[in-house]
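Visitor: Please build the complete structure, drawing on both the sequences and the hints.
These protein sequences, in sequence, are chains A and B.
Letter 28 of the first sequence, counting from 1, is numbered 27 in numbering that gives the first Met the number 0, and no numbers are missing.
Letter 192 of the second sequence, counting from 1, is numbered 191 in numbering that gives the first Met the number 0, and no numbers are missing.
Honestly, the hints are just simulated from the structure, not real lab data.
Each hint should be verified, as a subset may be incorrect.
Simulated restraints on C-beta separations [as the list claims (entries may be wrong)]:
(1) L84/A / E73/B: 41 to 47 Å
(2) G32/B / R261/A: 33 to 39 Å
(3) G200/A / D193/B: 56 to 62 Å
(4) L84/A / R131/B: 51 to 57 Å
(5) R261/A / G67/B: 23 to 29 Å
(6) R93/B / W238/A: 41 to 47 Å
(7) R71/B / D215/A: 45 to 51 Å
All values derive from a computational prediction rather than experimental measurement.
Just so it is clear, CB atoms sit at the ideal spot from N, CA and C, and this is done for glycine as well.
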Amino acid sequence: MAAELLRRGLRDHRRALVGWCFGIAAYVALVAAIFPSIESSPEFDKLVESYPDVLKSLFGIAEGGDITSGAGYLDVELFSLMLPLLVLVLAIGSGARTLAGEEDAGRLELVLSYPLRRRDTVLAKGAAVAAEIVTVCVVVGIAIALLDPLVGLDLSMGRLAEALGALAALGLLYGWLALAVGGAWPSRAFAIGIPAALAAGAYLVSGLHELAGWLDPFRFLSPFWLVGSSPLQSGADGWGVLVVVVVSFAVLVAGSVLLERRDLETP
Amino acid sequence: MSGAPAIETVGLSKTYDGKVRALVGLDLHVEPGEVFGYLGPNGAGKSTTIRLLLGLIHPTAGRAAVFGLDTRTEGVPARRHLGYLPGDLRLSDRLTGREQLESLARLRGRLDASLRDELCERLGVVLDRPIRQLSRGNRQKIGLVQAFMHRPELVVLDEPTAGLDPLLQNEVRDLLRETAADGRAVFLSSHSLDEVQHVADRVGIIRAGRLVDVDAVESLRERALRHVTITFAEAPDPSRFAGLDGVRVVATDGPVLRLSAPEPAMDAVVKAAAQQRIVDLVSQPADLEEIFLELYREGHDGG
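Guide: Here it is as structure tokens:
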């Protein structure tokens, strides 16, 4: 039944997922390996302090934050930009491929000619996307936890879990949005482009709202702002994460309803 | 579902984007135990009809039912009775044939492994190579197996023998006949009269979104013209053929005579020709488009 689509979704992306996990783990290891030399050079803090505000803002270098602490360093180097970027690329790619991509390639027709409800199809594919995101986040968590004692990051494991939870929530939102856009239109380009553009906008709002006053009222619309920046130093915003997850589910359900109502594209 | 027709459509219509009328007021009735041939040129609305039957697209007007189950509101139970071979079959390239069939069986939620193996053996399916390495014909065989392997009450096939060699085309025809003999229904869509005429009991002809005619395949063949080219040893006398019923002399060129004749007149044509020494005789079935033109002439009084 529809569970087969979850299985197949994971199977089809298996190789890509293994590649992502290794790649991200390697990147995390590289960043962590540089930490001891940052920690031992206090002038680095001064250098960062002299950055323009826009840069500091964008890279999540908080006022009073300490880039020479393990948590501060990883917040700036991983959690403010690189990890969300990588996880979102994975999530949007996977969400777009599994529905819009399959329809574009004409492979959805045979699947939907089987006795399945379309909404179950979307939910099963959504579960596969979620499983991929969670897998990558867990791998990142394990990598950081293993590196922590080796390079002396001195992290709080609770904060690390919060940071990864926020990361997964962001991935879920944009991955499921890509899936839902595929439910609305049979176009892989839309399914990649719309979530990617929205994510880029939301990221800028979150990074720059303090500097550009007129953006400030819109910060509530940015999932990046909602889950909280510098999660390793100050923790993730639990309510924000909850809101993002709830909106993610709403988006997925909307996508399944939209697919139910429209005509399948002729291959 | 007992007693309900395998397919019933009432005024079934589909208009794309509010302007392209792909199907107009289709009334169709297919009973269990019959092979129904659905014949029309490319773009006539055959695939639109099939996609409506499968609930892949929604009708603009009218309704379609499979064993009494509305394809729009009761699509899932309706599709339990269905096996479908798409006209443009796309499989997952990386899976092997075996993996693809197993995955599809799990998707349906039931598997008759012995029937699947029997079908695979009968059609000579290549099971252990990735789909992307298979020829068009070998992919088509996998598509046929998945359409039949759960013993559906109604099999919907869109150009099923495309890409198959003649031996396998025969095997598929046998499979269709056996399915009908088993009391199940087959809906066979094609643009080729040849694919349909040897296996279908009745034939529906569709053109430009409208059902032009539904007829027993026999009477369709009787009306179908043959193109006959006879080469005589010396110049023939065309008037000998002109008097025969339904026969029209198209051209004479020295010893070569071309004429068109309906199938029932063929005997008289051959006998008339045999009065002279014949070098060669070629008879070819008229193509579908000509049969349509014929039908149009009949239906619209010369229009």
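Visitor: Run through the hints listed earlier and report the numbers of any the structure violates, in increasing order.
Guide: Those not satisfied come down to hint 4.
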